[in-house]
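Student: Residue numbers (this note's numbering), protein chains in the order written: chain A, -5 to 576; chain B, 10 to 200.
No wet-lab data here; the hints were simulated from the structure. Among the hints, erroneous ones may be present.
Stated by the list, open to error - Calculated lysine-lysine pairs in the DSSO-like style (CA-CA distance at most 27 angstroms, straight line):
| # | chain 1 | residue 1 | chain 2 | residue 2 |
| --- | --- | --- | --- | --- |
| 1 | A | Lys560 | B | Lys152 |
| 2 | B | Lys152 | A | Lys553 |
| 3 | A | Lys268 | A | Lys310 |
Claimed, not checked - Listed below are several chain B residues computed to face chain A (Cβ distance under 8 angstroms; list not exhaustive):
| # | residue |
| --- | --- |
| 4 | Glu34 |
| 5 | Leu37 |
| 6 | Ala39 |
| 7 | Ser70 |
| 8 | Ile72 |
| 9 | Glu75 |
| 10 | Gly76 |
| 11 | Pro111 |
| 12 | Leu186 |
| 13 | Ala195 |
| 14 | Val199 |
Quick reminder that beta carbons are idealized off the backbone N, C-alpha and C, glycines included.
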Amino acid sequence: MNKVLLSGNEAIARGTYEAGALVACAYPGTPSTEILENMVQYKEVDSSWAPNEKVALEVGIGACFGGARALVTMKHVGVNVAADPLFTLTYTGVRGGLVLVTADDPELHSSQNEQDNRNYAKFAKVPMFEPADSQEALDYTKLSFEVSEQFDTPVLLRSTTRISHSKSAVVLGERPQQIPTPSLKRDPAKLVMLPGNARRRHYDVEERVLRLEEWSCDQPFNRIEKGKGEVGVITSGVSYQYVKEVLPDADVLKLGMVYPLPKRLIRDFAANYKTLYVVEELDPFIEEQVRAMGIDVIGKDKLPICGELTPGRVAKALFGSDLPAENTADLPQRPPNMCPGCPHRGVFMELNRAKAYVTGDIGCYTLGFMPPLSAMDTCVCMGASIGNATGISKVLSAEEQRKVVAVIGDSTFLHTGINGLMDMAYNKSTATVIILDNRITAMTGRQENPTSGFTLADQPTYRVDMEQLCKAVGVEHVKVIDPYDIALTRKTVREEMARAELSVIITTRPCMLVPRDNLERRNPLYVDHELCTGCKACLRLGCPAITWDEQSKKSNVDKIICVGCKVCKQTCGFDAFQEIEA
Amino acid sequence: MNTTNILLAGVGGQGILLASEVLSEVCLMAGLDVKKNEIHGMSQRGGSVVSHVRFGEKVYSSIIPEGEVDILFSFELLETCRYLPLLRKDGRIVASNWKIAPPSVALGKQAYPAELTEKIRSQFANTTIVEGLDIALEVGNAKTVNTVLLGALSNMLDFDHALWLTALERMVPPKLLEINLKAFAAGREVK
Ligand SMILES: Cc1ncc(C[n+]2csc(CCOP(=O)(O)OP(=O)(O)O)c2C)c(N)n1
């Protein structure tokens, strides 16, 4: 058997292809993004980026109502956005199989919270599979499509960062030769969820959970691995791997489906042990349900709820083993930073200088929080900057109101910011909004969005006209600026902050990491030490290409990483930054 | 056969992820079970990057159990120090002498810690420091540092030379293959 190394995300994409799916739709979000990026290689599947998770799920639902198998993927917080369709889709059920991947992020490697989306399975009464490695990610994806059709239900597939971004060996299968042809089929009693219909469907949902529970007790994905028979462990997902490292002799009930739980199987298993552990990351999700069955277990009384598990953390929690101390002594940290030439940088320097109160949002520009830019005061969830600016302006004095500036990226603006801007115009907010339009969803690794002019498959398409869009919702003052022009940026920011009316500033420089948008070659700069006075004004930018030389007491530019944006040149009062002629 | 644990560490943009791909591919071709794991969300943005590679007969966790790193394979000096506590007492180190200033150093607020090589050696006798960047420049391309380092690492592992070459052929873009093979050979000369 030929094995290949695949990440969990690559394996989910492959499983979707092998399941004969015809549609895949998503909004990017770490750690889920690479699933759709990998779908593109399977030309038989129509794969696309939606502007947000709700739209992505609704597209998937439409395809499944047409009789096709559809995959929808998102990060954990994306499910909050898609929750509305999800909670009624569970009533309608499916026609073609529908699998929703939720990629959770224990430890918040790249997220704003640490929610445990297993709770969504219980809340929405939807079965949930949880793979423990890449082979299972592939197998469970295919299984999820089958279960979806067999039980007439959407299926949640839960991954976590350590599953999505780990590689392990996988045996590949084939795509079926015959795939049912989608067609129109009317079934209003099942698909039109008015109260009369939905009331009846609710009974079907409850009955479905019971059937799934009974069925899952005898399925191979819920399996018992015999050890020495002294202690028992119930676990699932990545935690299973840590259990095998730390408790190699234990008997293990490994759950492949974490909702609904196989109660009969659990009861029979638990009866054998005086010591029974539940080892799970984040919430006591399995534990609480097992305890509710009247079974006593050791779980979150020892294991942490916050943060991800690791072999060492499990050993420490269960046996008090020592964890090596972190080596922090005198070692400077290396936090992430905006790239050299990032078009966001100068805007934040100016916001800092204008002493703006910045309601922030989520994207690369959230790094504007870090020193020395230090120009972000709030950041809640995608799109929140705009509503937050509206709300805080409502309660401030006229003078303080002027300080309020919402800052949001293009992808985030189209995700859920536009509704907030409509509200601002409609209810006559006086705040200032800056849309940092770099034409790409940069934070998650540069995915196309409706401002890019290109699709997921890199095909040319329409571009949203941001200026017209803002005007269309009723914003009278819309300013479009080049953020590499610092004087203009400064002037515009100050004027619009001072204005006692709503205004929007749109910056237009593309992300400098996108080759198709950066065709113009620019020369790197150097610092002429004859002219540099060592005033450190340029250091306010926090550009990774500019370093302070302690010996000469002057700045230097690293010409290998400088991209020649010349923003630093404009911060220098002594003309010390010069171009290196090619 | 016990599991071997290699921790790769460095700074975003140094080519750590490619190096760990090549290493994992070699393990797979050698018929071993292998898992690799990394946090790369911030790698583009100059943050610290680590990648775990584990191989053996059967590997469970993709995270190396804390304190069980057999080889710390590091691309930057300060990052090497950051992960020393994760090594076994008799752990080995292959590290580049490359220094990349973190933001606080670049801004003149902190100094790059001094005498790191000496500190590393005093704790772990079995340390090979590779002048990776100098060797890569000699080979003719600064971007091949990661391959130079892989060459140095390959001396410590029991894999056929041919497997390394096949893995490089598979993972390196054809245009850059020749120079990378040269870089790998130069890395193998480091003792
Ligand atoms: C609901 C939700 N979905 C997805 C994400 C992941 N995510 C973080 S920022 C971001 C978009 C960033 O794009 P943009 O607003 O254009 O800013 P840029 O990074 O390009 O500066 C995404 C998709 C999230 N945090 N929350």
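Student: Indicate, hint by hint, whether the structure satisfies it.
Tutor: Results for each hint:
Straight-line distance between C-alpha atoms of Lys560/A and Lys152/B comes to about 25 angstroms, which keeps the hinted pair within the 27 angstroms bound. Proposed proximity of Lys152/B and Lys553/A is supported: the alpha carbons are some 15 angstroms apart, at most 27 angstroms. Our distance criterion of 27 angstroms between C-alpha atoms is met by Lys268/A and Lys310/A, whose separation comes to about 21 angstroms. Of the supplied interface hints, the one on Glu34/B holds, with its beta-carbon coming within about 7 angstroms of a beta-carbon of chain A, less than 8 angstroms.
At its closest, the beta carbon of Leu37/B sits 6 angstroms from a beta carbon of chain A; the interface hint therefore holds under the 8 angstroms criterion. The interface hint given for Ala39/B is violated, since its Cβ lies 12 angstroms from the closest Cβ of chain A, which is over the 8 angstroms cut-off. Hint status for Ser70/B relative to chain A: holds, with the closest Cβ pair at about 4 angstroms, below 8 angstroms. This hint holds: Ile72/B has a C-beta 5 angstroms from the nearest C-beta of chain A, less than the 8 angstroms allowed.
Given hint, Glu75/B at the interface with chain A, holds; its Cβ is 3 angstroms from that chain's nearest Cβ, closer than 8 angstroms. A cut of 8 angstroms between beta carbons decides the hint on Gly76/B: the least distance to chain A is about 5 angstroms, and the hint holds. Nearest Cβ of chain A to the Cβ of Pro111/B: about 4 angstroms, under the 8 angstroms cut. The hint holds. Interface restraint check for Leu186/B: the shortest CB-CB distance to chain A comes to about 20 angstroms, outside 8 angstroms, so the restraint is violated.
Given hint, Ala195/B at the interface with chain A, is violated; its Cβ is 21 angstroms from that chain's nearest Cβ, farther than 8 angstroms. Annotation: Val199/B was flagged as interfacial toward chain A, and the flag is violated, the nearest CB pair being 24 angstroms apart, outside 8 angstroms.
Hint violations for this structure: numbers 6, 12, 13 and 14, all remaining hints satisfied.
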